[in-house]
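**Student:** Taking the hints into account, I'd like the entire structure generated from these sequences.
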Amino acid sequence: ETGVTQTPRHLVMGMTNKKSLKCEQHLGHNAMYWYKQSAKKPLELMFVYNFKEQTENNSVPSRFSPECPNSSHLFLHLHTLQPEDSALYLCASSAQAGLGGGQYFGPGTRLTVT
Amino acid sequence: AQKVTQAQTEISVVEKEDVTLDCVYETRDTTYYLFWYKQPPSGELVFLIRRNSFDEQNEISGRYSWNFQKSTSSFNFTITASQVVDSAVYFCALSEDRGFMYSGGGADGLTFGKGTHLIIQP
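First to last, the sequence lines map onto chains A and B.
Just so we're aligned: the first sequence equals residues 38 to 151 in our numbering.
Just so we're aligned: the second sequence equals residues 30 to 151 in our numbering.
These are calculated hints, taken from the structure and not from any lab test.
A couple of the hints might just be wrong.
With the C-beta cut set under 7 Å, the calculated list includes, among others, these residues of chain A facing chain B [said to hold, decoys possible]:
no. : residue
1   : L82
2   : F112
3   : F142
Quick reminder that beta carbons are idealized off the backbone N, C-alpha and C, glycines included.
**Tutor:** This is how it looks when you write it as structure tokens:
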């Protein structure tokens, strides 16, 4: 498998559920990112990981909890979400942090909170 | 703070017409990177181009060309002889160079514009 993969592609969850989004990159990159894409809003950076260390949390509510066990995998743990959290969640990776390199995106997980 | 503005929310043209997507950015840094991404209906963002702030040469790749002008803080994207397959949402993005002195190792998230929905009619 190549590129950046994300699972699941679609997720519907209630406000009291706990679920996790998974991202895996097969590009040998060292930096990984979570973005949120809501309707009629620009893509918003959520978290940045560089060599497994979180380097940026863009004022994201604590109901979103990221985890990066290694440079190839990134998770986003979700709990007690709100309907306004419904969005497309995109994962990306880049070769070397700090060099402004191109980020390669996965297909996204379409999340609906009911 | 950095900002990217794509003033054109939606553009509709007939196939084979040329179309230019505008992008204006704001940053206080002297070293930064600009990007264009394409998002087809499938949702996946496709990387098109990366340009650093020191390279103002225009670039052409097939039917695609990019015009970078630091004097006007613009990085416009032109599709020549558009095709129906070019229909998508196009995003311009900016990344500042944190440099290797940044404690976090310089990981750099992208700041995106709101995107331009391009519709190519047959």
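**Student:** Report holds or violated for the interface hint on A:F112, using the least CB-CB distance to chain B and a cut-off of 7 Å.
**Tutor:** Hint on A:F112: violated, closest Cβ of chain B at ~17 Å, above 7 Å.
**Student:** Please verify that hint: A:F142, Cβ, nearest Cβ of chain B, below 7 Å or not.
**Tutor:** 4 Å, holds
**Student:** Return the status of the interface hint for A:L82: holds when the least beta-carbon distance to chain B is below 7 Å, violated otherwise.
**Tutor:** It holds, given that the least Cβ distance between A:L82 and chain B is near 4 Å, below 7 Å.
The earlier numbered hint that this structure contradicts is number 2, and it is the only one.
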